[in-house]
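As they're listed, the protein sequences go chains C and Y. For the first sequence, our numbering assigns the number 736 to the initial residue and increments by one for each residue that follows. For the second sequence, our numbering assigns the number 736 to the initial residue and increments by one for each residue that follows.
Hints are computed from structural coordinates only; laboratory data are not their basis. All the given hints hold, so there is nothing to weed out.
Copies of the same chain look alike in the list, so a pair counts if it fits in one copy or across any two.
In silico DSS-like pairs for lysine-lysine, Cα to Cα no more than 27 Å straight-line: (1) Lys998 to Lys1019; (2) Lys930 to Lys998; (3) Lys975 to Lys990; (4) Lys839 to Lys884; (5) Lys990 to Lys961; (6) Lys884 to Lys937; (7) Lys937 to Lys877; (8) Lys840 to Lys937.
2 protein chains.
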Amino acid sequence: MGTVIGFIGIGVMGKSMVRNLQKNGYHVLIYTRTKDKAEDLIREGAEWKESPKEVTGQSNIVITMVGYPHDVEHVYFGVDGIFNGISPGKIVVDMTTSTPTLAKKIAQEAQKRGIGALDAPVSGGDIGARNGTLSIMVGGSKETFERLKPVFEILGNNVVYQGEAGSGQHTKMCNQIAIASNMIGVMEALVYARKAGLDPEKMLQSISTGAAGSWSMSNLLPRVLKEDYSPGFFVKHFIKDMGIALEEAHKMDLKLPGLELAKQMYEAIAEKGEGESGTQALIKYWS
Amino acid sequence: MGTVIGFIGIGVMGKSMVRNLQKNGYHVLIYTRTKDKAEDLIREGAEWKESPKEVTGQSNIVITMVGYPHDVEHVYFGVDGIFNGISPGKIVVDMTTSTPTLAKKIAQEAQKRGIGALDAPVSGGDIGARNGTLSIMVGGSKETFERLKPVFEILGNNVVYQGEAGSGQHTKMCNQIAIASNMIGVMEALVYARKAGLDPEKMLQSISTGAAGSWSMSNLLPRVLKEDYSPGFFVKHFIKDMGIALEEAHKMDLKLPGLELAKQMYEAIAEKGEGESGTQALIKYWS
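Whenever a hint applies, use it, and build me the whole structure from the sequences.
Laid out in structure tokens, this is it:
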């Protein structure tokens, strides 16, 4: 097939996603802020471009996977940005975890220009990106979604169309909201167990397969027991996401006390220097 | 085998547990506050006694499964209680979710009298009790645990010795602590999804099998979507358990902000009349 995919943002996630697209026969044009980070992909056949605008000019589909909402804003609306180099009939997909409000703004701008736009954040982390087993939550027009589905199915194994523009981001917020309070519960169980003189491994053996069980309990608590605080997901990014969710909730006049508490607790450990640690470093709230 | 088991407390859980013991050949003597509730068990061959003391006099092992810590206190230390009818060599097992402090008090009293004592609370609910698939968390002397193991293995399929007296109760507290904050996260995800105009079932499809996934999300949120608030586990009992955990944490000089918040939120819905509902009624915090 002659479809050319532009990919903007070559971080841990983006790099694996580009490789999966290449493996499936797509020619991929890439841009990221620091060219050094893309050297290996370039050696593997990805084509380097000097700006998001340049990437866009020669691609049929442009995927963005950058850091923060202000990066998304810049990549789409900046002087060298996507909307400055795009022609009708193309499709843009933001897979960054960003704000539903910005996703709607991009979709509106795209519609004016006859472009398809989707918000499609993911969960599943670096391992999911590598193995093509991401969960992809998609918002935007159903028709554009159907056209992009073959691409999403290369990148993920749980691809769900969630509704109008912004719905993908809203769904990702639900994901982060559920994780936030659960992380508190899981860490409080451990800190209680230690104080009470229990053997944490035996405690987990009793409770992790029942009603208290969760992905975080089974996957992150064992890391804490090994004092492994390496990032599966960065504390600083989690704080960003919780901030977005709280802001959106505020706009909807919705109070989320658990999420508020979780954000405060994560900010407390970030102040202690844990911003670059994995989210399991929440245990340090008590140290 | 000639072992006679006394069973005190014939609620939803107790009844199923007695039946499993009978199926495995044990003769069971029973007592519960309201005899009416035991009529079916009596027809099925259980032998009714008029008090905990009477049950104890004719049993080798006495199991208690009552409601609140003050019921446990009464059943063990009351005038017609277990310690008033017990002779050396017997074993008492409290399977009620009660306080670690009371578990230690029972163990001390038992030791003085040459009796074995275990605290062995469970998780797994009415279904686990019926199917003999409870998780049983055991505290007390290792030797007594080994003697009781064949009985526990009739009642549960995840029997773990946790350590000295009180450790079973402490482990159960870890279970409830982890559930408490997770329930907030799960409900906040749902309430956010609804406000944002998402289809909650699609949202769950995207997030329930990944890092946000948990037993509560997979098992309780679908009930909320069907407006089914029937109790798998009563709000009022959950509030009791959270109160015990907070009190124990306080004694250990440990602050658990997530648990504190969860208790407040559950108390708020109990005040709205949801005490007899299942814990998934937490969604009503927002209505």
